[in-house]
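Visitor: For reference, the chains in residue letters:
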Amino acid sequence: MAMAEQEEHNPWRDRLLAMLAEDSGEDVFSQTHLAAKAGGDSLVEVLAFRLGAETFGFNILSVSEILRPRPITILPRAPEFILGVVSLRGTVLAVADTASRLGIGSFERGKGHRVIIVNDGEEKMGFAVDSVVGVVRFAKSEMESTEFVASVDPSYLVGIGYDTKRQLVALLNTEKLCDFKLEAK
Amino acid sequence: MKQVNQATIQEYLSEAEEILDSVADELINLEQSAAEGDTDPEVVNAIFRGAHSLKGISAMFGFDDITEVAHKLENLLDAIRMGKVGCDRPVLDILFEGLDVIKGLCAQLVEKGGLEHDPTIKIFVDRILAAVEGRPSAVPSEEGEETVPESPEEEEVVEEPPSMESLLLSEETMRVLTDYELHRLEATVKDPRKNLASVFVGLSLLSLDTEMEAVSNVIKPVGEIISTLPAAGDIKPDELDFELLVAFKIGLAEAADKLAPLNARVESLLKPAKKKAVKKPPTPPKSAPAKEDTSELDDLFKVAKKPPSGGEKEPPGYESPPRTEGAPKREPEKERLQPDTDLRSMAKTIRVDLPKLDLLMNLVGELVLTKGRFLAINERLRNEYGFTGEVLEMSKAQKELERRLGELQLAVMDVRMVPMGQLFSKLNRVVRKILHGSQKKVNLDIVGSDTQLDKLIVEDISDPLIHVIRNSVDHGIEMPDDRVISGKPPHGTVLISASQQGNYVTIEVADDGAGMDVDRIRAKATKLGLIKPDEDYDKKKLLDLVFLPGFSTKDQVSELSGRGVGMDVLRKNVANISGMIELDTERGKGTTVKIILPITLAIIQALLIETSGEHFAIPLNTVLETVVVEEEHLRSLEGRPMLRLRERTLPLVEIGSLFGLNAEKRRPPFAVIVGIAEKRVAFGVDALLTQRDVVIKSLGTRLMNVRGISGATDLGDNRTVLILDVAEMIEEVYETM
Chain D
1 MAMAEQEEHN PWRDRLLAML AEDSGEDVFS QTHLAAKAGG DSLVEVLAFR
51 LGAETFGFNI LSVSEILRPR PITILPRAPE FILGVVSLRG TVLAVADTAS
101 RLGIGSFERG KGHRVIIVND GEEKMGFAVD SVVGVVRFAK SEMESTEFVA
151 SVDPSYLVGI GYDTKRQLVA LLNTEKLCDF KLEAK
Chain W
1 MKQVNQATIQ EYLSEAEEIL DSVADELINL EQSAAEGDTD PEVVNAIFRG
51 AHSLKGISAM FGFDDITEVA HKLENLLDAI RMGKVGCDRP VLDILFEGLD
101 VIKGLCAQLV EKGGLEHDPT IKIFVDRILA AVEGRPSAVP SEEGEETVPE
151 SPEEEEVVEE PPSMESLLLS EETMRVLTDY ELHRLEATVK DPRKNLASVF
201 VGLSLLSLDT EMEAVSNVIK PVGEIISTLP AAGDIKPDEL DFELLVAFKI
251 GLAEAADKLA PLNARVESLL KPAKKKAVKK PPTPPKSAPA KEDTSELDDL
301 FKVAKKPPSG GEKEPPGYES PPRTEGAPKR EPEKERLQPD TDLRSMAKTI
351 RVDLPKLDLL MNLVGELVLT KGRFLAINER LRNEYGFTGE VLEMSKAQKE
401 LERRLGELQL AVMDVRMVPM GQLFSKLNRV VRKILHGSQK KVNLDIVGSD
451 TQLDKLIVED ISDPLIHVIR NSVDHGIEMP DDRVISGKPP HGTVLISASQ
501 QGNYVTIEVA DDGAGMDVDR IRAKATKLGL IKPDEDYDKK KLLDLVFLPG
551 FSTKDQVSEL SGRGVGMDVL RKNVANISGM IELDTERGKG TTVKIILPIT
601 LAIIQALLIE TSGEHFAIPL NTVLETVVVE EEHLRSLEGR PMLRLRERTL
651 PLVEIGSLFG LNAEKRRPPF AVIVGIAEKR VAFGVDALLT QRDVVIKSLG
701 TRLMNVRGIS GATDLGDNRT VLILDVAEMI EEVYETM
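Chains D and W are the protein sequences, given in the same order. Just so you know, the numbering used here puts 178 at position 178 of the first sequence, and the rest follows in order with no gaps. Just so you know, the numbering used here puts 304 at position 304 of the second sequence, and the rest follows in order with no gaps.
If we strip away everything but chain D, and leave its shape as in the complex, we get:
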């Protein structure tokens, strides 16, 4: 399908999509859903992933990269949802179990699992997910309220949309997910 006219050339986004394509072996664009009406409707691009039977997503603007499975060093005395830490090109990052963070279960560590590195503007951190689906686009105006996603604390959600297969994708509030701090006792 044709790209929307407002698409800017965004080099890291291309890199991210290329990474996804390489990873899943498919043409990721077949997954994208162009929901925009005529130009002027702003788009939200979302990196969609699975947690159990549900699909969630991060705004692609906050996604920095996607890591293949690698050993995660356990960090004792960290909050429940923290799986541990990994080292990424010289920086140590925390990795969270996304499902546990959302309070809907726990991470499976199955074959297709990935760690999505997000940047909330301050420090990066990783979120472990069962599998990455691809990039989905919604028009902002089409995104619906989050009333129906009952299992998750609404403050973690920004909105919901539907992908090409009419699957519900819940867009997560990256900042809120990254917002925690272990206080000194």
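Just so you know, these hints were derived from the structure itself, not from any lab. On a predicted model such as this, the values are computed, not experimentally measured, just so you know. There's no promise every hint is true.
Claimed, not checked - Quick list of the computed label-pair ranges, beta carbon to beta carbon:
1. W:L208 / D:R70: 39 to 49 Å
2. W:S486 / D:R77: 32 to 42 Å
3. W:E678 / D:R70: 41 to 51 Å
4. W:E181 / D:D179: 36 to 46 Å
5. D:S106 / W:L375: 53 to 63 Å
6. D:R77 / W:E36: 40 to 50 Å
7. W:L208 / D:E80: 31 to 41 Å
We treat Cβ as the ideally placed atom computed from N, Cα and C, and that holds for glycine.
Assemble chain W onto chain D, guided by the hints.
Guide: Positioned in the frame of chain D, the structure of chain W alone reads:
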């Protein structure tokens, strides 16, 4: 001419230059605000403080001419801020000229290594004196000091203009205010553009500083805080109430709105104006004429923007200051610049952003890791091909690399090291501030200002040190009369000494005050259930209890007659930089607080161990020895495993169980004996792996407070290993004993 060595001159210059730069900026601000008819008291104050500091350090270094000039300028500035002298053109000229004279003297220091006696200095100083003694103001100042000439008899009913009598301040309050504060009140009362008000706010004791700062930050842009007074009222146990006297530039309703979120109340300080019949006064010359006179200056000033002032924070890197923007304005002042003064910096030092240094350290760290890989490859080659030919060459090259890298590492670490002397001058100021208004007399003696510490550590230790000194001055040192009665000299002494031992720096703060009453501590601890009533404890153990949270609280201060609040906070802050803190005291003689810190935090040698299936790194400088654990050395104390090592019995801790990992309950084959200062702990481990250099990486702001872990390191093959914070772990183990 007295010759002074260059090192000393550089030391003086690096501080003097900072002050001169900031004064220069503020002078430009002053010029600007004076042109607008509104001499900003904050700016005058800033310049006054600058001159004062300059006088101080110049006197300390023995540069008499500079001291003299700075002193007289300080007097002039004091006269300006008290309203005795107006900020007119001739006065401003003298201030600018003074700055240039001092710069010239500094240049002379660099070129000639000393100051030659210069008779023109005396002439200039006399000119300053003349200005101080009251050259008549050409531009009317805020207060409108001109006398109102008699007018023909016309009467009308007007509101009495506000004066000091219209202020809703009690006699006692007025007495407490300083001359300067009274002057500011008077100036503001008469200024129709300003509104005098009291801001009442209650601040929590625990976060007094930050809350007060928050209130100041809201007020400063819209008003001048003339005085901060303790307020009478219901004293809530955790709160202190304050009354701030503020001259607002905005209306009081607006001010109240701004301050409402901070729970502050705003009340006008003026009694409602009385009406009376007066002779109709002619309009007093207001600021208007001032504006007309200085319209030319206005045009020149339009270009100049407000440059950032220096202050005490680290100025941003080495960017060129925005002086270039003010260039067109500089024209009339060019004649003032002495021909041989140029704007190049005279100090041979450069300010560097700490993040840049961190980056350098990181890069060196990565190099260290890469070196490690070469080492490993080298070994494999050696094993396969023997120690000949190319392999031999490679080995030699690798050794050289190692040497150079070691030097680079030391050099970069050295860049980050700063002498503790930097911190100590700040401490001096703190002591003076604490003593302000008190009758206590305290001398601060400092030994070991040359001792060097990583800059970051110096920053982090500054607050804890101030905390300790405050305790010493507030609670340790007695009133002069009491001291004399005890046979001590009337002034107390606080001795701060810093020294380096190996990888650690020890800072001691010793006062010759009243000391702490160990019996009372024992009693308190027993009452709190921390110790058993009939058991014997040595002094060290008892003093250690003082650091426990909940031990010293506000209403217990008098009982302890020693330390104030927050010893537990103090220990936590010190532990945060991987340091330790200890107390020693003798009733009647004094108290010593000892803080032990690692020299640098970035690259360390570590011992890698395995326990409970996980790998950990223990900083080598905390490791005293490693031992094989023999059955016969195992002991038990109240159910806690201990290890007997020669004559000592140490707690035996299995790291895995401490951290809640799945630990097998069996005798660990090895133990790593760690210790800091006098405290020792034996870590039981399953395997001792290897020793290597590691770069400590922070866990990030979200997770940095994990207790017992100081960071993580990358071993190069995607394996991340946690680094133990031995100080914290030792604390933890001892807390539960």
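Visitor: Now tell me if each hint is right for this structure.
Guide: Taking the hints in turn, this is what the structure says about them:
For the pair L208 of chain W and R70 of chain D, the supplied restraint of 39 to 49 Å holds, since their beta-carbon distance comes to about 47 Å. Taken as a hint, the range 32 to 42 Å is violated for the pair S486 of chain W and R77 of chain D, whose Cβ atoms sit roughly 49 Å apart. At about 42 Å, the CB distance of E678 of chain W to R70 of chain D agrees with the hint of 41 to 51 Å. Hint check: E181 of chain W to D179 of chain D, Cβ distance near 44 Å, so the stated range 36 to 46 Å holds.
About 41 Å separates the C-beta atoms of S106 of chain D and L375 of chain W, a value inconsistent with the hinted range of 53 to 63 Å. The hinted window of 40 to 50 Å between R77 of chain D and E36 of chain W is violated, with their beta carbons roughly 58 Å apart. Here the CB-CB span from L208 of chain W to E80 of chain D is close to 35 Å, well matched to the stated 31 to 41 Å.
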